[in-house]
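Colleague: Taken in sequence, the protein lines are chains R and E.
Be aware that the first sequence starts at 1, since it is given in the numbering used here, and climbs by one per residue.
Be aware that the second sequence starts at 1, since it is given in the numbering used here, and climbs by one per residue.
Honestly, I wouldn't trust all of these hints.
As the list claims (entries may be wrong) - Dumping the calculated SDA-like pairs for lysine to any residue here, alpha-carbon to alpha-carbon at most 25 Å: (1) K32/R <-> R120/E; (2) K130/R <-> R233/E; (3) K32/R <-> I128/E; (4) K102/R <-> M35/R; (5) K243/E <-> V59/R; (6) K243/E <-> K32/R; (7) K32/R <-> H189/E; (8) K243/E <-> K102/R.
Honestly, the hints are just simulated from the structure, not real lab data.
Computed from a predicted model, the values in this text were never measured in an experiment.
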Amino acid sequence: MSTETHVVEHGAEPAFRQHHFVTAEQQFATSKIGMWLFLATEILMFGGLFVGYGLMQGVYPEAWVAGHHHLDRIMGAINTVFLLCSSFTMVMAVHYASTDQKRKTVLGLLLTLGFALGFLVIKYFEYSHKIQDGLLPGRYFSYAGGGPPQQAMFFGFYFVMTGLHGFHVAVGIALISWLTVRASRGEFSSAYYTPVDLIGLYWHLVDLIWIYLFPLLYLVS
Amino acid sequence: MADTITKPQAHVLAGHHDVDYLHDGSLLSWLTTVDHKKLGVMYLWSILFMFFLGGVFALLVRLELFAPGHTIMDAEAYNKAFTLHGAIMVFLFIIPSIPAALGNFALPIMLGAKDVAFPRLNLASFWIYVTGALIAVTAMVTGGVDTGWTFYTPYSTTTDGSVALMTFAAFVLGFSSILTGVNFIATVHKLRAPGMGWFKMPLFIWGIYATAIIQVLATPVLAITLMLLIMERAFGVGVFDPKLGGDPVLFQHFFWFYSHPAVYIMILPGMAIISEIVPAMSQKTFFGYKATAFSSVAIAIVSFVVWGHHMFTSGQSQLAGAIFSFLTFLVGIPSAIKVFNWITTMYKGSISLQAPMLYALMFLILFGIGGLTGIFLGAMSVDIHLHDTYFVVAHFHYVMMGSTVIAFIGGLHYWWPKMFGRMYNESAARIAAILVFIGFNTTFLPQFLLGSRGMPRRYYNYLPEFQFLHQVSTVGSWILGLGFLIMAGYLFASLRKKMDAPANPWHARTLEWQIPSPPITHNFHEVPVVTSDPYDYYRPFVPSVKGHH
Chain R
1 MSTETHVVEH
11 GAEPAFRQHH
21 FVTAEQQFAT
31 SKIGMWLFLA
41 TEILMFGGLF
51 VGYGLMQGVY
61 PEAWVAGHHH
71 LDRIMGAINT
81 VFLLCSSFTM
91 VMAVHYASTD
101 QKRKTVLGLL
111 LTLGFALGFL
121 VIKYFEYSHK
131 IQDGLLPGRY
141 FSYAGGGPPQ
151 QAMFFGFYFV
161 MTGLHGFHVA
171 VGIALISWLT
181 VRASRGEFSS
191 AYYTPVDLIG
201 LYWHLVDLIW
211 IYLFPLLYLV
221 S
Chain E
1 MADTITKPQA
11 HVLAGHHDVD
21 YLHDGSLLSW
31 LTTVDHKKLG
41 VMYLWSILFM
51 FFLGGVFALL
61 VRLELFAPGH
71 TIMDAEAYNK
81 AFTLHGAIMV
91 FLFIIPSIPA
101 ALGNFALPIM
111 LGAKDVAFPR
121 LNLASFWIYV
131 TGALIAVTAM
141 VTGGVDTGWT
151 FYTPYSTTTD
161 GSVALMTFAA
171 FVLGFSSILT
181 GVNFIATVHK
191 LRAPGMGWFK
201 MPLFIWGIYA
211 TAIIQVLATP
221 VLAITLMLLI
231 MERAFGVGVF
241 DPKLGGDPVL
251 FQHFFWFYSH
261 PAVYIMILPG
271 MAIISEIVPA
281 MSQKTFFGYK
291 ATAFSSVAIA
301 IVSFVVWGHH
311 MFTSGQSQLA
321 GAIFSFLTFL
331 VGIPSAIKVF
341 NWITTMYKGS
351 ISLQAPMLYA
361 LMFLILFGIG
371 GLTGIFLGAM
381 SVDIHLHDTY
391 FVVAHFHYVM
401 MGSTVIAFIG
411 GLHYWWPKMF
421 GRMYNESAAR
431 IAAILVFIGF
441 NTTFLPQFLL
451 GSRGMPRRYY
461 NYLPEFQFLH
471 QVSTVGSWIL
481 GLGFLIMAGY
491 LFASLRKKMD
501 APANPWHART
511 LEWQIPSPPI
521 THNFHEVPVV
531 TSDPYDYYRP
541 FVPSVKGHH
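Please work from the sequences and hints to get the whole structure.
Modeller: Dropping the structure here:
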C-alpha cells in the first residue's frame, strides 16, 4: 500500500468537499448510498398503504369499483404523462449538469418544474370536484348518488394515498426550485453535481409511485 | 470503487484542532454542532432524562399496584400512567438510546473515521428527536393517552385524549430513527479506515449496522400505520373500525410489522456492546467473530417475519399462527449463538470484574431468562394461556430492561472515560450494580409467577391472591430506583473531577482506545491504517494510530 502523504491546506479544498471525506468520489458515492436508503424507506411507507388498499379492495370489490368510477381517468392519464415527461427532463438536467452545460441544466430543471406544477394544478381540479360532489373520506362522505357505503373507505384511501404523494410532489417542487437557483448561479459542474443527481433520484421515485397509484386507483375495473 | 481509502492522506490541519471536543467551541455552538461526539452526548442527556421520566411513571404504576383497587390513583389515571410509561420508554428512551447516544459517539472512531457520513443529517436527526419529544410531552400534559403503548384499534380511534398528538410524536421520532440508520449504514460502507475490511470491524459495528438496517426498513411502516390511525381519528376513514367495515386486526398486523423488528432495534445494540466489553475485559480474542457478525444480520432479517406472534389470540388463522411460531423459534438460534460465543470468549480469559464487566455478566444471565421466556411465549399453544398476562410483561422487561438497558449501562461505564475524560468511582459503581441486579430481579421475577397464575396485564384491580407478589414487585422497584439514583450520583460527581482518565483504561484494542480521552474534535490527526483485527489479544499490542504512545 503506498504511503504517499498529501498535505492539504485548510481552505484549499473545494467548497463542496466535507472535511471527513478524503476524495470527492468517496463523498459522491456515499451521498448516493444515503439517498438510495432514503428511497427504500419511502417505498416501504407507501408500500404499507398499497397493502392496506389492496386488502380492503379484496373485501369490498363493489365499493372499489363504484368509487373509482368517480375518478377522472383523463385527468389521471394527463398527470401520468406529466410526471413521465418530468422524469425525462430531470434526467436531462442531471446529464447537462454532469457535462458542464449550465443553461441546459437550468432549462431541464425549469421544464421539470413546469410539469410538476401542471400535475398539482390537475390535482387541484380533481380534488375540487370530489369536494363538490361530497366524495370525501370516512364520516365526511356525503355523495348523494348512492352506491356501496364502503366507498367512504375507498375515498379515505384515495385522499391519503394521493395526498401523501402530492405532498411529496410539493416537496420535490421546492427542492427542484432550490436546485434551479443554485444551477443558475453556476454551482454545479462535472466535478460536483451531487444535489442534482440525488434530487433526480428522489423525483424518479415520486414518478414511480404515481405509476403505481394510477392503475391502482383509476383503472380498478 | 474501493470502499476503503487505499491511499492514506495526512490532513495537516492548521494546528488549532488539538483541543479536546468537549472544550472545542462555545456552549451555544453545541446546538448547531455537526460533531458526532457532541451530538452523541446531547442524545445521551436527552434519553437519560426520558429514562427518568418513564421510570417515574413506572414507580407510580407499581405503587398503585401495591394493593388491589384504588391505592394512589383512579383507574383512568392508571391507564394513562402505564401507557405513558410504555410510550416514553419505547419511543423516547430505548429505541434511540444505544445507537443515538453511544453509537453516534463510538462508531465513527471505531471505524477510523472523522465523523459519520452525513454530519448535518445527524444534527437534523437530533433536532427531530427533540421536536418529537416536545410533541410527546405536549400530548402528556393535554390529556394524556390511555390506550396502552400499542394503540390498538378500535379503542384508540374512539377514546378521548391526546392520541393523535402522541402518535404524531412517535411519527416524528420515527424519522429521527430512520435518518440515524441511514447515516450509520452509509458510514459503515464508505468511511472505514484503510485496511479495515468488513471482517476487521469491531463487532459493535456489526450490531449497530444490523440495527440500522431494521431502522431503515421497518420504521416507515410504523409511520404509515400511525398516519392511518390519525386519519381514522380525524376523518373516520374506517379502515380499522369494524362498525364501518374496517378490520381492527389489520391495525395489529401493520403495527407489529414495525414493532416486532423494533424490539430487535432495541436488543441488537445491547448485544453489540456486550461483544465489546467481553473480549476487552477478558483480555482475550473474540471466539466466533464471523458467527457473531452474521448472527446480527440474521436476527435483523428474521425479525421481519415473526410479527404474528403478538397476535396468536387475535383471530389470525391457525396455520398463520403455526408458521409465525416456527419462525419465532428460528430467531432464537442466532441469539443463542452469540451467548455461547461470549461465554467461550471469557473461558480462560483474564477477567476483570470492573463495572462494565459486571453489567455484561448481568446481561448474560438476564438475557438468558428473557430470551428463553420469549421462546416459551413463541410456542402458540403456550401463548394462548400466557398472552396478555404478567408473564409477557416479565418477559419483555427481562429483554428490554434486563438486557438492553443493562447493556446500555455497561456501555456507558465502558465508554464513560473516553467520552468525558474522567473515571467514575468504582466502589460506588459496584454498589449500584448490585442494587440494580437485586432490584430488577425482585421487581420482575415475581411477575412470571403472577402471569402464569393468571394475573392479566394492564389491570388496575386484581384478586387478593395476587397481592403478595405485587408487593414484592413494588418493593423491588424501589430497590431498582435506589440503584439508579446512586448511579446518577457517582456519574455526575465524576464530571466535576479533573479530566485525567487514561486513554485506554481497559487495555482494549479497538481504535477508540488509541486516541486520547476525551478525543480531539477530528478524532484522529491522520487517518489510521489498520493492520490488525480488533481483538488481537493473542499478541502484544500493535498500534494503528500513528504517534500512539
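Colleague: Decide, hint by hint, whether the structure agrees.
Modeller: Quick rundown of the hints versus the structure:
Restraint check for K32/R and R120/E: satisfied, since their Cα atoms lie roughly 16 Å apart, inside the 25 Å limit. The straight-line distance between the Cα atoms of K130/R and R233/E is roughly 21 Å, inside the 25 Å bound, and the hint therefore holds. For the hint linking K32/R to I128/E, the alpha-carbon distance of about 22 Å falls within 25 Å, and the restraint holds. Taken as a hint, the K102/R and M35/R pair is honoured in the structure, with Cα atoms around 24 Å apart against an allowance of 25 Å.
Of the pairs offered as hints, the one joining K243/E and V59/R holds, with about 14 Å between alpha carbons and a cut-off of 25 Å not exceeded. Restraint check for K243/E and K32/R: not satisfied, since their Cα atoms lie roughly 47 Å apart, outside the 25 Å limit. Simply put, K32/R and H189/E have alpha-carbon atoms about 12 Å apart, close enough for the 25 Å limit, and the pair holds. Among the hinted pairs, K243/E with K102/R is inconsistent with the structure: their alpha-carbon atoms are about 59 Å apart, more than 25 Å.
The structure does not agree with the numbered hints 6, 8 stated previously, though it agrees with the rest.
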